[in-house]
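Going down the list, the protein sequences come from chains H and A. Start counting at 1 in the first sequence, then tack on 2, and there's your number in the working numbering. Start counting at 1 in the second sequence, then tack on 2, and there's your number in the working numbering.
Treat the hints with caution; some may be incorrect.
Which copy? The list can't say, so a pair holds if one copy fits it or any two copies do.
Said to hold, decoys possible - Taking lysine to aspartate or glutamate pairs in the DMTMM-like style, the calculated list, with each CA pair at most 20 Å apart, reads: (1) LYS24 x ASP159; (2) LYS141 x GLU43; (3) LYS4 x ASP34; (4) LYS4 x GLU44; (5) LYS4 x ASP60; (6) LYS141 x ASP173; (7) LYS125 x ASP144; (8) LYS24 x GLU43; (9) LYS125 x GLU43; (10) LYS24 x ASP34; (11) LYS4 x ASP144.
Source of the hints: derived by calculation from the structure; they are not laboratory data. These numbers come from a predicted model, not from an experiment.
Okay, here's what each chain looks like letter by letter:
Number of protein chains: 2
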Amino acid sequence: MKIYQDSSAPNPRRVRIFLAEKQIEMAYEQIDLSNQQQLTEEFLAINPLGQLPVLQLDDGSYLSETMAICRYFELLQPSPVLFGKSPRQQAEVEMWNRRMEFQLLLNVAHCFQHGHPFFAASKSQSAEFAEISRQRALKSFDQVNTWLAARPFIAGDQFSVADITALCAIDFARVIDIRISESQPHLADWHHRISSRPGSSA
Amino acid sequence: MKIYQDSSAPNPRRVRIFLAEKQIEMAYEQIDLSNQQQLTEEFLAINPLGQLPVLQLDDGSYLSETMAICRYFELLQPSPVLFGKSPRQQAEVEMWNRRMEFQLLLNVAHCFQHGHPFFAASKSQSAEFAEISRQRALKSFDQVNTWLAARPFIAGDQFSVADITALCAIDFARVIDIRISESQPHLADWHHRISSRPGSSA
Numbered sequence: 003m004k005i006y007q008d009s010s011a012p013n014p015r016r017v018r019i020f021l022a023e024k025q026i027e028m029a030y031e032q033i034d035l036s037n038q039q040q041l042t043e044e045f046l047a048i049n050p051l052g053q054l055p056v057l058q059l060d061d062g063s064y065l066s067e068t069m070a071i072c073r074y075f076e077l078l079q080p081s082p083v084l085f086g087k088s089p090r091q092q093a094e095v096e097m098w099n100r101r102m103e104f105q106l107l108l109n110v111a112h113c114f115q116h117g118h119p120f121f122a123a124s125k126s127q128s129a130e131f132a133e134i135s136r137q138r139a140l141k142s143f144d145q146v147n148t149w150l151a152a153r154p155f156i157a158g159d160q161f162s163v164a165d166i167t168a169l170c171a172i173d174f175a176r177v178i179d180i181r182i183s184e185s186q187p188h189l190a191d192w193h194h195r196i197s198s199r200p201g202s203s204a
Numbered sequence: 003m004k005i006y007q008d009s010s011a012p013n014p015r016r017v018r019i020f021l022a023e024k025q026i027e028m029a030y031e032q033i034d035l036s037n038q039q040q041l042t043e044e045f046l047a048i049n050p051l052g053q054l055p056v057l058q059l060d061d062g063s064y065l066s067e068t069m070a071i072c073r074y075f076e077l078l079q080p081s082p083v084l085f086g087k088s089p090r091q092q093a094e095v096e097m098w099n100r101r102m103e104f105q106l107l108l109n110v111a112h113c114f115q116h117g118h119p120f121f122a123a124s125k126s127q128s129a130e131f132a133e134i135s136r137q138r139a140l141k142s143f144d145q146v147n148t149w150l151a152a153r154p155f156i157a158g159d160q161f162s163v164a165d166i167t168a169l170c171a172i173d174f175a176r177v178i179d180i181r182i183s184e185s186q187p188h189l190a191d192w193h194h195r196i197s198s199r200p201g202s203s204a
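Given these sequences and hints, build the entire structure.
So, in C-alpha cells, the structure goes:
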C-alpha cells in the first residue's frame with residue numbers, strides 16, 4: 003500500500019495524522035500540487051477528480067476521499083478508536099467531524115481557492131465569495147472556541163478524527179492569514195494540547 | 003424519537019429515504035424553512051447551526067448532520083446494508099457518497115443559496131459564485147453519467163446511501179433549472195430505476 007499526497011495540503015495531513023495516531027506505517031508518494039501534478043493525465047487515471055490523498059491498495063486499485071481512507075484503516079485496525087465506539091458515540095463523532103469539515107475546513111479552503119492568485123489559472127475564482135468564506139471561517143473560529151469551553155475534545159471526552167480535522171483546518175487557515183486570537187482561550191488551549199501529540203507532526 | 007425536518011429540502015429527504023429503505027417508522031416535525039423557523043431561538047437551542055435535519059433521541063438529546071443520523075440507524079439496524087459491508091465496501095461507499103455530496107449536492111446547494119432572492123436577507127450572497135457553482139453542477143451531471151456507464155449503482159453493484167445522496171441532489175437541481183439531459187442516458191436510466199423504488203417517495 004502507498005498513499006499519494008502533498009505535504010503542504012490539509013487533507014493529506016488529516017490522513018497522515020490519523021495513521022500516526024494508529025501507529026500504522028505507510029509509504030507516501032509526493033504529488034506536487036504547486037506544479038499541478040494532480041492534473042496530469044497519469045494522475046487523473048488514479049483519481050479522475052484530481053484530488054489528494056489517494057490510497058493505492060496492494061491489489062493495485064485506488065481509494066480516494068480523505069474520510070474513506072481514514073474509515074478503511076479504522077475498520078482494519080480499530081484501536082485506538084478514532085471514529086467512536088458505541089452507535090451513539092460513532093454518530094456523535096460523525097456529527098462533530100462534519101461540523102469541523104463544513105464550518106471550518108471548507109470555508110478556509112474556499113477562501114484560499116477563490117482568493118489566491120495561484121488558482122487563477124486552474125479554477126474559476128470569485129473574490130467576492132473568497133471574502134464571504136473568510137467571514138464565515140472567522141465566525142467558525144469563535145463558534146468552535148465556545149464549544150470547547152464545555153469539553154476537552156471536539157467530539158466530547160475522547161480524542162477523535164474530529165480533532166484531526168479541526169487541527170488541520172485551523173493550521174491551514176494561516177494561508178488566508180487567520181489565526182487563533184486572544185479572545186479564543188478555549189480554542190488556544192485545545193490547539194496547544196492537540197498540537198503537542200506526537201501524531202500531529204506527521 | 004422524532005426528526006425535525008422540512009419536506010422541501012434535500013438533506014431531510016436523504017434521511018427520510020434512508021429510513022424508508024430500512025423500513026424504520028419515524029415521527030417527523032416540520033420546521034418551515036420558508037418562514038426561517040430554523041433560525042428561531044427555540045430551534046437554535048436544538049441545533050446552533052440552524053440546519054435540518056435533527057434527530058431527537060428518547061433521552062431528549064439531539065443529533066444533527068444528515069450523515070450522522072443515517073449512520074446511527076445503520077448501526078442500530080444494519081439490514082438492509084446501505085453503507086457497505088466489508089471494510090473495503092464501506093470505504094468504497096464512503097468515497098462515492100462523498101463524491102456525490104461534494105461534486106453534486108454542494109454545487110447545486112451553493113448555486114441555489116447564492117443565486118436565489120429568498121436567501122438575500124439571511125445569507126451573504128455572490129451571484130458570481132452562484133454561476134461558478136452552476137457550471138460545476140452541470141459538469142458533475144456529465145461526470146456521474148460517465149461513471150454510471152460502467153455500474154448499475156453509484157458505488158458499484160449494490161444500492162447504497164450514495165444513490166440516495168445523488169438522487170436528492172439531482173432532483174433538487176430543478177430549483178436551479180438543471181435537469182438530466184438527453185446526452186446523459188446512463189444517468190437517466192439510473193434515475194428512473196432509483197426513483198421507482200418505494201423508499202424514494204418518502
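Checked hints:
For a Cα distance limit of 20 Å, the shortest separation of LYS24 from ASP159 inside one copy, 18 Å, qualifies, whereas the shortest one across copies, 31 Å, does not. In this assembly of identical chains, LYS141 and GLU43 lie within 20 Å of each other by CA distance solely across copies; the values are 18 Å between and 39 Å within a copy. Taking the shortest alpha-carbon separations for LYS4 and ASP34, only the intra-copy value of 16 Å comes in at or below 20 Å, while the best inter-copy value is 48 Å. Within a single copy, LYS4 and GLU44 get their C-alpha atoms as close as 16 Å, which meets the 20 Å cut-off; across copies the closest is 49 Å, which misses it.
Taking identical chains as interchangeable, the C-alpha atoms of LYS4 and ASP60 lie at most 20 Å apart only when both belong to the same chain, with a minimum of 8 Å there against 44 Å between chains. Taking the closest pair of Cα atoms, LYS141 and ASP173 come within 20 Å of each other only inside a single copy of the chain (16 Å); across copies the shortest separation is 32 Å, beyond that limit. For a Cα distance limit of 20 Å, the shortest separation of LYS125 from ASP144 across copies, 18 Å, qualifies, whereas the shortest one inside one copy, 30 Å, does not. Taking CA atoms no more than 20 Å apart as the test, LYS24 paired with GLU43 passes in neither setting, with 33 Å inside one copy and 41 Å between copies.
Taking CA atoms no more than 20 Å apart as the test, LYS125 paired with GLU43 passes inside one copy only; the shortest distance there is 17 Å, against 39 Å between copies. Taking identical chains as interchangeable, the C-alpha atoms of LYS24 and ASP34 are never at most 20 Å apart, the minima being 26 Å within one chain and 44 Å between chains. Taking identical chains as interchangeable, the C-alpha atoms of LYS4 and ASP144 are never at most 20 Å apart, the minima being 37 Å within one chain and 30 Å between chains.
Checked against the numbered hints above, the structure breaks hints 8, 10, 11 and satisfies the rest.
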